[in-house]
Every structure is written in structure tokens, then in C-alpha cells.
Amino acid sequence: MIAIVDYDVGNLKNVYTALGDVGLSGTITRDKKALDAADAIILPGVGAFSDAMDNLRKFDLIDTLNDNVQKGKILMGICLGMQLLFDKSYEDGEFSGLSYIPGEIIKFNAPGIKIPHMGWNNLVINRASPLVKNIGTEDYVYFVHSYYAKPDNFDDVVAYAEYSVKVPAIVKKDNVIGMQFHPEKSSNVGFQLLTNFKEMIS
Amino acid sequence: MLTKRIIPCLDVDHGRVVKGKKFQNIQDVADPVELGRYYSDQGADELVFYDITASYEDRDIFIHIVEKVAEAIRIPFTIGGGISKVEDFRKVLMAGADKVSVNSSAVKNPQLIREAALRFGAQCVVLSIDAKRNNKGSWDVYVKGGRENTGIDAIEWAKQGQDLGAGEICINSIDTDGVKKGYDLELNQKLSSLLTIPIIASGGAGKMEDFAEVLKVGADAALAASVFHYKEIPIVDLKNYLHNQQIPVRRV
Numbered sequence: 001m002i003a004i005v006d007y008d009v010g011n012l013k014n015v016y017t018a019l020g021d022v023g024l025s026g027t028i029t030r031d032k033k034a035l036d037a038a039d040a041i042i043l044p045g046v047g048a049f050s051d052a053m054d055n056l057r058k059f060d061l062i063d064t065l066n067d068n069v070q071k072g073k074i075l076m077g078i079c080l081g082m083q084l085l086f087d088k089s090y091e092d093g094e095f096s097g098l099s100y101i102p103g104e105i106i107k108f109n110a111p112g113i114k115i116p117h118m119g120w121n122n123l124v125i126n127r128a129s130p131l132v133k134n135i136g137t138e139d140y141v142y143f144v145h146s147y148y149a150k151p152d153n154f155d156d157v158v159a160y161a162e163y164s165v166k167v168p169a170i171v172k173k174d175n176v177i178g179m180q181f182h183p184e185k186s187s188n189v190g191f192q193l194l195t196n197f198k199e200m201i202s
Numbered sequence: 001m002l003t004k005r006i007i008p009c010l011d012v013d014h015g016r017v018v019k020g021k022k023f024q025n026i027q028d029v030a031d032p033v034e035l036g037r038y039y040s041d042q043g044a045d046e047l048v049f050y051d052i053t054a055s056y057e058d059r060d061i062f063i064h065i066v067e068k069v070a071e072a073i074r075i076p077f078t079i080g081g082g083i084s085k086v087e088d089f090r091k092v093l094m095a096g097a098d099k100v101s102v103n104s105s106a107v108k109n110p111q112l113i114r115e116a117a118l119r120f121g122a123q124c125v126v127l128s129i130d131a132k133r134n135n136k137g138s139w140d141v142y143v144k145g146g147r148e149n150t151g152i153d154a155i156e157w158a159k160q161g162q163d164l165g166a167g168e169i170c171i172n173s174i175d176t177d178g179v180k181k182g183y184d185l186e187l188n189q190k191l192s193s194l195l196t197i198p199i200i201a202s203g204g205a206g207k208m209e210d211f212a213e214v215l216k217v218g219a220d221a222a223l224a225a226s227v228f229h230y231k232e233i234p235i236v237d238l239k240n241y242l243h244n245q246q247i248p249v250r251r252v
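Protein chains in written order, with the numbering used here: chain A, 1 to 202; chain B, 1 to 252.
Hint data in this document are derived by calculation from the structure and do not stem from the laboratory. Treat the hints with caution; some may be incorrect.
In silico lysine-lysine, DSSO-like type, Cα no more than 27 Å apart, as pairs [as the list claims (entries may be wrong)]:
{"no.": "1", "chain 1": "B", "residue 1": "Lys-91", "chain 2": "A", "residue 2": "Lys-13"}
{"no.": "2", "chain 1": "B", "residue 1": "Lys-68", "chain 2": "A", "residue 2": "Lys-198"}
{"no.": "3", "chain 1": "A", "residue 1": "Lys-13", "chain 2": "B", "residue 2": "Lys-216"}
{"no.": "4", "chain 1": "B", "residue 1": "Lys-216", "chain 2": "A", "residue 2": "Lys-166"}
{"no.": "5", "chain 1": "B", "residue 1": "Lys-132", "chain 2": "A", "residue 2": "Lys-107"}
{"no.": "6", "chain 1": "A", "residue 1": "Lys-114", "chain 2": "B", "residue 2": "Lys-159"}
{"no.": "7", "chain 1": "A", "residue 1": "Lys-114", "chain 2": "B", "residue 2": "Lys-132"}
{"no.": "8", "chain 1": "B", "residue 1": "Lys-190", "chain 2": "A", "residue 2": "Lys-107"}
{"no.": "9", "chain 1": "B", "residue 1": "Lys-68", "chain 2": "A", "residue 2": "Lys-13"}
{"no.": "10", "chain 1": "A", "residue 1": "Lys-133", "chain 2": "A", "residue 2": "Lys-33"}
{"no.": "11", "chain 1": "A", "residue 1": "Lys-198", "chain 2": "A", "residue 2": "Lys-133"}
{"no.": "12", "chain 1": "A", "residue 1": "Lys-166", "chain 2": "A", "residue 2": "Lys-71"}
{"no.": "13", "chain 1": "B", "residue 1": "Lys-216", "chain 2": "A", "residue 2": "Lys-114"}
{"no.": "14", "chain 1": "B", "residue 1": "Lys-190", "chain 2": "A", "residue 2": "Lys-114"}
{"no.": "15", "chain 1": "A", "residue 1": "Lys-133", "chain 2": "A", "residue 2": "Lys-150"}
{"no.": "16", "chain 1": "A", "residue 1": "Lys-88", "chain 2": "A", "residue 2": "Lys-58"}
A few chain A residues that don't get close to chain B, going by computed Cβ distances all over 10 Å [said to hold, decoys possible]:
{"no.": "17", "residue": "Ile-2"}
{"no.": "18", "residue": "Lys-13"}
{"no.": "19", "residue": "Gly-23"}
{"no.": "20", "residue": "Asp-54"}
{"no.": "21", "residue": "Phe-95"}
Here are the simulated distance ranges between beta carbons [to be verified]:
{"no.": "22", "chain 1": "A", "residue 1": "Val-124", "chain 2": "B", "residue 2": "Asp-41", "range": "23 to 31 Å"}
{"no.": "23", "chain 1": "B", "residue 1": "Asp-163", "chain 2": "A", "residue 2": "Glu-138", "range": "32 to 40 Å"}
{"no.": "24", "chain 1": "A", "residue 1": "Val-165", "chain 2": "B", "residue 2": "Arg-251", "range": "19 to 27 Å"}
{"no.": "25", "chain 1": "B", "residue 1": "Lys-216", "chain 2": "A", "residue 2": "Gly-93", "range": "34 to 42 Å"}
Quantities reported herein were computed from a predicted structural model and do not represent experimental measurements. Glycine residues also receive a C-beta, built at the ideal position from the N, C-alpha and C atoms.
When you get a sec, could you build the whole thing from the sequences and use the hints?
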């Protein structure tokens with residue numbers, strides 16, 4: 001069972017449905033016992049960083065997430081959920097994150113580029129990982145974000161996309177994974193990535 | 001490299017996809033879920049569904065369609081039509097839509113853009129503008145399905161929409177819509193150079209060259225309906241054509 005953390009950050013059903021495509025059964029929950037019992041945890045999310053952190057606090061979920069990560073359980077953040085895994089974000093202020101991966105979240109800031117980074121961009125593999133099995137540079141995934149992760153150690157980046165900078169697309173540090181794009185909206189490439197995720201947790 | 005997007009647009013009336021020419025002469029086409037799945041498989045980059053009736057009674061039918069589409073496809077999709085309150089945004093987003101498009105209601109109440117962007121994120125707020133050339137060398141914003149001229153300058157309104165927090169602008173040219181003689185290149189070029197958010201060009205696609213032209217002048221995405229519905233332009237062929245024109249696209 002995969003726990004999809006329900007903390008009022010938009011619709012989680014699409015993630016749930018896409019997990020079903022690869023034969024993973026998900027449960028949308030904010031029940032701590034369910035998170036503790038899950039084989040892996042997915043932290044989705046759209047919207048603003050500070051609101052998302054506030055909601056994690058409001059539902060008293062941070063200690064539970066910390067405990068599970070410390071136990072070695074796989075936690076995967078998607079989109080804003082990935083950004084929360086870092087130390088802090090400069091989205092409309094300066095806010096602390098979950099600090100599972102060293103680094104910060106900053107805004108795109110190159111002249112002439114459209115913001116948000118919105119649409120399909122291809123993945124460039126930065127280092128080998130079972131997460132990117134059968135994934136190559138002709139594989140496109142769907143991004144939509146105005147802020148991106150700047151990890152202290154670029155080795156935590158498994159794959160990136162080029163958009164004025166190398167935008168971390170898949171990050172992994174030990175048992176903590178992040179995907180900046182939406183695998184559940186990325187057609188057959190998303191399916192392959194979620195299949196890889198499934199193999200990693202089984 | 002970020003690719004340019006090709007977006008089929010499906011007008012939905014009483015749970016069926018229809019296509020109007022210049023917003024009139026509406027013809028029945030197909031089941032939205034079936035068409036959505038078809039386009040997703042063909043390599044469409046996103047889908048747009050407009051609820052063109054949007055009467056109060058039909059709203060629940062439409063929400064149900066949104067849910068079924070969300071289950072069937074694995075590409076992003078946008079819902080428009082009949083969105084006038086933040087609560088309307090919430091309903092379609094919870095039904096599985098990724099973005100919500102507002103048009104007349106935002107003209108009437110521009111703060112709707114800001115409120116929705118703050119609550120759900122700018123990424124899901126699409127400001128759709130129906131624009132028509134006037135005789136002063138600019139474009140006016142029309143509302144109510146293209147029937148009423150507001151006298152508002154379309155480019156100024158697009159800028160204001162961006163400042164209010166819209167994540168994207170869909171610019172539909174009433175002059176070219178349904179005529180199949182190409183997009184309004186001048187309007188798309190102007191908007192694209194003035195705005196920092198992505199632009200979706202809409203209205204006028206008749207042949208593959210039309211897509212290439214509007215994407216080359218700066219549009220980030222091109223939307224069309226009838227050329228896809230009637231299979232005049234298969235999306236697979238269009239993507240190959242654009243690729244050969246050195247336009248970055250995602251091919252399946």
C-alpha cells in the first residue's frame with residue numbers, strides 16, 4: 001500500500017489513478033497510522049510552498065514524515081511535494097522545508113524565458129539510478145513550475161531538464177525521491193517512471 | 001528542451017463534443033472521454049474542454065464528464081466555460097482538471113484571477129481572451145461567446161491578467177476562428193513579446209503550415225478543434241512536420 005499524503009493541496013486522485021496503472025494500490029490519507037503502515041509515501045502538491053508547509057504542520061504530519069524517512073521508508077515528493085524535501089524556499093519570502101535533501105528552492109531568473117516553465121521537456125540523465133531505467137533523452141515529461149531546486153550537491157540529481165539552467169527533474173538522496181514534473185500527467189514516460197518506482201519499493 | 005504544445009480543444013454541450021463555426025452552427029461530434037483518450041494516445045500535449053452550455057442544470061453532467069476524462073487520460077487538461085467563482089475552480093480541480101480557464105467572468109471581476117491564483121496556484125489559472133480587430137489597429141476584448149464588445153484593449157487586458165496572477169493566456173482571435181486561414185500572427189507575436197507567461201494561440205488553424213507560423217512568431221502552444229476532430233490533420237503527422245521545420249515538439 002502506498003500512502004498518498006492528503007494535506008489539502010489540490011486533487012490527489014490523478015496520482016492515485018496513475019499508481020493504479022502500474023499495479024500499485026494507493027490510499028489517500030492523513031492518518032498517521034496509515035502513513036506508518038504504508039510501503040512507501042507519496043507527497044504530492046500544487047500551489048504555494050508556505051501554504052503547503054503550513055498544512056503539513058496543521059495536520060501534524062511532519063514528525064510522522066521524519067520518523068518514516070529515518071526508518072528508511074521511501075518517500076517520493078511530486079512537483080511542489082519535491083520542493084518541500086529541501087531546506088528552504090524563497091517563494092514569496094523565505095520558508096523552511098523538510099530538509100531531507102540539502103539545497104534551496106529559487107525562482108527562474110533568466111532574461112527572455114517564459115515563467116512558469118510549462119509544458120513537456122526532455123530528461124537528461126545526470127547519474128545512473130534504477131529510477132531512470134529505460135529512460136533516455138528523447139523522453140519528455142510534463143512540467144509546470146516557477147521555482148526550481150538548487151541542491152547543494154548536484155549528485156543528488158538523477159535527471160534534469162534544460163530551461164535556462166539545469167532544472168533538477170528527478171532527485172534522490174538515500175530513500176528520499178523527488179520528481180519536479182508530474183509523472184501522473186506524463187503519458188507513457190510517466191508510466192515507465194512509476195513502474196521503476198514500483199520496482200524500487202518491491 | 002521545452003517543446004511547443006499542440007492542444008486539441010473540445011467544446012462540450014450536454015455531455016457531447018461539438019464544434020461551432022464562428023461560435024454558431026453547432027454540430028454534434030463525439031463522446032468527450034473517447035475523444036480525449038484518442039488525442040492522448042495520438043500525442044496531444046494537453047486537452048481543453050469548454051463547457052459551452054454551462055447552464056446550472058447541466059453543470060453536474062459536465063463535472064461528471066471531467067471526472068471520467070481525468071480517469072481516462074494521462075496528459076494535462078484544462079476546463080473552461082461557466083467558471084465564475086473560486087468555488088467553480090475548486091469543483092473542477094477536485095474532479096481532476098489540471099487548469100481552469102476563465103473568460104467573461106474575469107472581465108467582469110478581474111479579482112477572480114488573483115483569488116484563484118492565490119488559492120490554487122498561478123499554474124492552474126488560464127486567462128482566455130476572445131479578441132477581435134477594430135479599425136484603430138488594435139484588438140478589442142469580446143465576451144459572451146464573442147457576441148459583446150467590451151471596448152477593452154486585448155493586449156492591455158492580457159498584461160493585466162498576467163499581473164493579477166494568471167499562469168497562461170489563451171488568445172482566441174474571433175476574426176480567424178473557424179475560417180481555417182491561419183492564426184492571427186500579429187496579435188500572437190505582440191502578446192508573446194510583451195508577456196512573460198506562456199501564450200496559447202487559438203482560432204484559425206486550417207493546415208500544418210498555420211501551426212508552424214504561429215509557433216515561430218512566439219506562441220508557446222497552438223490550439224485547434226475541427227482540423228483534429230475531422231481528422232484533416234493527424235497530430236502525429238503535424239508533430240513530424242513541425243519537427244522537420246526545426247520547431248521543438250514531443251513526438252510519440
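How the hints compare with the structure:
no.	hint	in the structure
1	B:Lys-91 - A:Lys-13	13 Å, holds
2	B:Lys-68 - A:Lys-198	25 Å, holds
3	A:Lys-13 - B:Lys-216	37 Å, violated
4	B:Lys-216 - A:Lys-166	24 Å, holds
5	B:Lys-132 - A:Lys-107	35 Å, violated
6	A:Lys-114 - B:Lys-159	14 Å, holds
7	A:Lys-114 - B:Lys-132	25 Å, holds
8	B:Lys-190 - A:Lys-107	25 Å, holds
9	B:Lys-68 - A:Lys-13	12 Å, holds
10	A:Lys-133 - A:Lys-33	32 Å, violated
11	A:Lys-198 - A:Lys-133	12 Å, holds
12	A:Lys-166 - A:Lys-71	31 Å, violated
13	B:Lys-216 - A:Lys-114	15 Å, holds
14	B:Lys-190 - A:Lys-114	14 Å, holds
15	A:Lys-133 - A:Lys-150	24 Å, holds
16	A:Lys-88 - A:Lys-58	18 Å, holds
17	Ile-2	17 Å, holds
18	Lys-13	6 Å, violated
19	Gly-23	15 Å, holds
20	Asp-54	14 Å, holds
21	Phe-95	15 Å, holds
22	A:Val-124 - B:Asp-41: 23 to 31 Å	26 Å, holds
23	B:Asp-163 - A:Glu-138: 32 to 40 Å	38 Å, holds
24	A:Val-165 - B:Arg-251: 19 to 27 Å	25 Å, holds
25	B:Lys-216 - A:Gly-93: 34 to 42 Å	39 Å, holds
Checked against the numbered hints above, the structure violates hints 3, 5, 10, 12 and 18; every other hint is satisfied.
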